[in-house]
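Colleague: Below are the chains, spelled out letter by letter.
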Amino acid sequence: MRSEKLIVAATLFLAITVAAEALQISGVTKEGMSFAGNLISTAETELLLERERGAATTQLGIPLDSIASISLVESAQDPLLAMEAFPHLLDFLDEASRKRLLKAVVESVELGDWSSGYHWTSQLLQLEWTRETEMLLGIYRAWCLFEMGLFGASHEATLKIAEEIDPMEASARFCWLMAHLAVKAGEVAEARKWISLPTLQIPSRTNALAIELQSLLMETGPSRRRAVP
Amino acid sequence: MAVYSVDVVNALYPRSVLLLLCLTADFCCMGILPMRDQWKAAIGALANGQAQLALEKFREFDHWYGQESAARERDFRINQLRLWGLAALQAGEQDEGLPLLLEWLQITDEEAPYRAFIRFQVAMAYRIQGDGTSAVDHWRAFLSEHPQLPETALVRWMWADQLLAEAKLGEARAQLETIIEENLLSKPGRNLARAALALVCISMGDGPSAVIQLGHSDGQPDTQGPAQVWKALLAPSLVQDLLEAEPELAQRVSGWFDRPDNLQQKVLPFIEAVSETAGNIRQVVWGSHWKAQLNRLQSAIKESSGSGNGMEALFRLRLRALLKSNLFAEALYLSEFLLQSRMPAAGRLRADCHAAAIEACLNLAFWDKADDFASTFIKDYPEDPGLPDILFLKARIAAERKAFMAAVQQVDALLNARPDHASALAWQLTAAGWLLDGGEAGPALERYEELLEKSPLAWQPLIHLQRSRCLDKSGKVVAAKALLEQVTDDPLASSLLKEQAFVVWLGITVRGIEVEEFQFVLNLYRRSFPAGFNRLMVENLAGTFAGLSGDPVTAEKIFTVVSGESHPATAYAHEQLSLIYRQEKNFPSLRKHARRWIGQTQRDNLPIPKVAMEDCRLYQISEGEPALGKALLETLMEQMETGQPTLPGMLLLAILEDQWESYSILLGRNGLAFASWLQDKRNLFSRNERWLPYAQCLLFEADQLESLGRIDSADTRRIEVIRSVNPDMLNASSLHTVAKTADKYDFPEGVPLLEQFLKQFPDDQLRPDVLYRLAMRWRHSGQRERAEALLTEVLTQWTDASIHPEACLLLATWALDAGQPSRATSTLKVLLEKAGLPPALTARAMLLRAQSDFLMNNPERGRLGCQRILALYPAFGDITARAQALLEENILIGDVDEV
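Top line first, the protein sequences correspond to chains A and B. Counting from 1, position 221 in the first sequence corresponds to residue 221 in the working numbering; the numbering is continuous, with no gaps. Counting from 1, position 317 in the second sequence corresponds to residue 317 in the working numbering; the numbering is continuous, with no gaps.
These are calculated hints, taken from the structure and not from any lab test. Here a beta-carbon is modelled for each residue, glycine too, at the ideal position from N, C-alpha and C. Since no wrong hints were added, every one of them can be taken at face value.
Calculated pairs, SDA-like style, for lysine to any residue (alpha carbon to alpha carbon, straight line, at most 25 Å):
#1 B:592 x B:654
#2 A:184 x B:336
#3 A:184 x B:644
#4 B:266 x B:216
#5 B:744 x B:710
#6 B:759 x A:216
#7 A:184 x B:687
Take a look, some chain B residues computed to stay more than 12 Å from chain A by CB distance:
#8 165
#9 272
#10 384
#11 531
#12 557
#13 620
Between the sequences and the hints, there should be enough to build the whole structure, so can you do that?
Modeller: Written out as structure tokens, the structure reads:
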């Protein structure tokens, strides 16, 4: 039986071992001083940057409590991979960097990288977001849990979102999740309700996901029922 | 409105004119420029967009130099006319410009440069002047002179606009259709033309064509274009128009709805893009056209946002469309989601949502859920203006549960509280109908008589039809027929109502076997409604009547004709044909007919009829050879293997077993015993999770075991079906079997399975048996009203069911137990009037009626009943003993009374 904690631990281990490339950042201190360079490491109280000046390389230590904001420098580097080892820097990221990270997380989940997706959606949910983004992250996190086979945890996470979400504005992905969880629980009628929702909203959702959801109706075969006492 | 600009004139600047001017004399007097400079100034002003200045310069040029020989040369004059004319049009001086350009058109030939452009401008100028006739002349000339130009589409579009302004919708439609047909526009342009055509279709009341145009997409769907905005904008009015006549289409169109605030946002980028259009003459002309179209769209959006097409109205329409198109589950889901929603529109829709949810539940036979919705609303929103409608729906729930009296009482209470409600008369009419359905023909008739005086004239034919049904039920057949005749002649009656009157009238004459009258009414119907809505039903009645009159040849002919059609009424004709062949023991015809019937249902995608399969089996038993050919067998086996719920799988297995020797060869399993083949199949179905055929194999085995007296083994297999198969996947007969088994062993699944059967198969022939069983369950758990409602359904709706007499007796017994002898008497009346009632049942019914008679203070009939039991049914000792005891008890009471 897999547990949510076990999955998280395994994910972190994998992530940290592969985060080999240095992360290029720039930032501003609370006093307004700018800094930039390759992030080498972070300690509890400061971060260590490496800067190249001609042939020479210098190192710079910046106390964490003096930092106002940090920006990820645009590069071909995968921001998720690069940030994996520095989760405590997430709080300092400026809005553009956060958005970049969010985009990368969404893409990673949509590409089916469930364990990384779960880890990053959980990390990003610690930050402050707009209500819509928070919902999106919550849904994607529950989706990752579902795909990893943790149906109970996914169900719990989805129910929390369901309390807050207005069904008439629910995304097709949320409906997809609710329908699949209902199918897993053998609640065919509940599943049908969620399968229908995207087409009942105004405007009706007619994207590929909504169409895929319709096909779930065909696939919802019977589930084995409990034995007669 | 001028569509040319500085850029246009730049493009038109003629080199030849400059050359000509170089040759002319140069002089200046009274502020007038030399000839060449004057001309250059005019053209320069025109090129700089100073149309008024250009016009003045052209005028001065003509005044001072017009008679110069150089200016009178043909080539110069051609250019002068064109540029001066265009300057005049651009300055808004159509009266000055038009003669110049008309002269230009006259003196130039068809090949002249700019001819198409000038023709286009002339037509536009006429249109601006309000001279549509002249504009049309020039558009016509344009189309004939330049058929290859893409601007023909533009000309036709403007022509269509002109025709619309003159209210010539048909001609406008033809022009727009030609634009789409000629295919000279880009894809978004064509889609916009389709939207324009759809608008015309809507104005002509042709909603379905509008839907075709709006729903059309060439190749990839244009999901974001202005045509999509038109689609969303027109959808609400289209749904309104289509709701009654084409509900499925209306429902599909309701999928195009969009939020009103989205529409404005979607159209803005296109307006901005068109505003930036610049370039050559063509681009400007086209840009102006699209701009005009987008402005039209924008005004339509503004108009729509002020016309109440907000989210509230859209959701209300969508709910109605779902209900009208029989998508009850979806209507229920939408209502539930809207009731959970925090959208402001949702709050205002609570009464509509509750009403739609109740309506949906009624159609899905979710009685309890319907009741919950009604009760919640009544409790939570006692002041809501929608309350009376919900109260009426609550009465409808009772009526749908066959608790007609309770329903009538609720409507009466509602009418007392809201006598002036707009729907009061309609409610009264419905309540009278419920009384009639509940077997209270007399009181129903009284209500109809009362309504006759109060109702509008248009309702009277319907009330007469209902009165005739009451009279018929009360045994006043002659009066009933007279009223029906009156309805068939009534000019106020709709065709459908007249047809219904004919059907009821024919039904009465069939029942009375009145040959001449039947023929007379039938001929009258056939003459009046040769293609009537009820034509096939009437022909079925004619066939039935021929059969009852001992004329099977005519009956066969009629049923054969009806059975050839594609219509639900053909099932009855098929069943009757089967009956005729069975009675005649004409097995070859029976087999031929069965195969034709199966083929027809497969073609029409309908369930395979059980009777046809039984006929195949009968043929096999009688003739000793297989009834199914290889092709048909393969089709049926494929249906079984894919778990088609519409296939009577167990019958197919029985057919295979009967002639296994032959069928095993056809199936390529020669030499394998049927039992082994069946076991292989069962295991395969289990592995592949094909639960319906798996259940069918188990249930078939169970039946075989039961026929061998191995009841426990049979039930073990049935219980395995309950344990392993989701009941959602079972067909009617399989679900009935497992529900019966669960009921037999008092499993907790019993009630849910019986209820599920009622929900899933409201019209199945096994329904009365399930109703009876469930009624017994409710009665045992102390839910008397629910139990009675179920038995009342058997009593009123399933008079031909084998369980019907038992249901009547049980209902009468419960009525007596509840101290309601009059209800018991009316129930027993239905039973005792049944033809061919077995003596034991007759004796039991008479005993119960005698008990009722004594309780209702009718001792004479009670005594008579008891005496008849004693005289006619001495064989049924327990009944005669109870009749004797009842008689003695009541004679004693009678004697005491007399004393």
